[in-house]
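Colleague: Chain residues, written in single-letter form:
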Amino acid sequence: MICQFCNVVRAIIFTLVLFLVSPFNTWAKEAIPVAEDPEIEKRMLALTVDLRCLVCQNESIADSRAEFSNDIRREIREQIKANKTDKEIVQFLVDRYGDFVLYNPPMKPTTILLWFGPVILFMIGLGSLVVYLRRRRLQIEDVALSPEQINEAEALLNEDKKGKNV
Amino acid sequence: MMRYLMPLAIFMVLAVFLLVGLTLNPRQVPSPLIDKPAPKFQLNQLHEPEKIMSSDDNLGKVWMLNVWASWCVACRDEHPLLVQLANSGIIPIYGLNYKDERNTALQWLKRYGDPYAISIVDVDGKVGIDYGVYGVPETYVIDKKGIIRHKQIGPVTVDSLEKTILPLIKELQNQA
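Respectively, the protein sequence lines represent chains A and B.
So for the first sequence, the UniProt record's numbering puts the first residue at 1; every next one is plus one.
So for the second sequence, the UniProt record's numbering puts the first residue at 1; every next one is plus one.
If you are wondering where the hints come from, they were derived from the structure by calculation, not from laboratory data.
Because the structure is a prediction, the values reported are computed rather than measured.
From the three backbone atoms N, C-alpha and C, an ideal C-beta is built for every residue, glycine too.
Please note that the accuracy of each hint is not assured.
[Claimed, not checked] Cut-off 20 Å, straight-line C-alpha distance, at most; resulting in silico cross-link-like pairs (DMTMM-like, lysine to aspartate or glutamate):
#  : chain 1 : residue 1 : chain 2 : residue 2
1  : B       : Lys-126   : A       : Glu-148
2  : B       : Lys-99    : A       : Asp-50
3  : A       : Lys-81    : A       : Asp-99
4  : B       : Lys-151   : A       : Asp-99
5  : B       : Lys-40    : A       : Asp-95
6  : B       : Lys-144   : B       : Asp-159
7  : B       : Lys-126   : A       : Glu-154
8  : B       : Lys-40    : A       : Glu-75
9  : B       : Lys-36    : A       : Asp-95
10 : A       : Lys-84    : B       : Glu-162
11 : A       : Lys-84    : A       : Glu-59
12 : A       : Lys-81    : B       : Glu-48
13 : A       : Lys-87    : B       : Glu-162
14 : B       : Lys-99    : A       : Glu-75
15 : B       : Lys-126   : A       : Glu-88
[To be verified] According to the in silico footprint, chain B covers these stretches of chain A (three or more CB under 8 Å from chain B):
#  : region
16 : 45–58
17 : 65–72
18 : 88–98
Input sequences plus hints: build the corresponding full structure.
Modeller: Here you go:
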């Protein structure tokens, strides 16, 4: 009988504690942050796998965890949200960071060697291989032993036989 | 004879290409902004946050925009040089305080000296993206018409200052 209201007090404390413990985000539904919109995220990812992180140059912006890539991803999300097309977004980045951000360099006079260099090198290699093989075949056909060489060879063979007989 | 000369020749060509490759710095990505108008900005100042500085304020003079941050270690390397340059009065240097915290930035300037005519604050790095910043420090030389004439990626050095930046500033200042 000392604690008449004990149950009531306990109930109140219990509810208060529950409120404090429960994560805040369950209280009310908040607006989804841009980063969590799956559509935007999908487009952003599709764009950034072909973009180079300038800080960590062998990683794409999609893979990189560098601060720089974070910023670019955020920028791209915002631009997608602002209804920019993929082309406009890529152009935006190229205007600021140059073609170097693109993993697929555009075909331009300065990049012709880059695009066709390997093919040209392959052709040169193929050409020299053909020339080499032809020349070798001709050499093989041309080589015939002179009479002296034949005599010499026979002498050597005979010598061998003699040696064995002895 | 050809047999020995050909591989040697091929080796020499390869060696020359590799040698040239060694001297190139992959971190130096040529900026597409050279000879283009400097991106416009309107940013709050670091010392007097209620004041705004616009990029147009500097039209008519040659100026430098130095991107710095208190968290940037390499900025400390170039800082004495910038202070020296600012003291010489050759060119006004404006600081773009990039993705920094105001108090630490102010403390940093107190500690290492403040070469900046004005420092402006780019909290979220948006103006940084406009300028193609990817590694702090970066320094831009902007001419009287507001065109970017030079971009130094990484710390300013005595060498880069004497060989490139100072002669360029002189040339730009002599232009109408």
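Colleague: So which of those numbered hints doesn't the model satisfy?
Modeller: Violated hints: 1, 2, 3, 6, 7, 10, 11, 12 and 13; rest satisfied.
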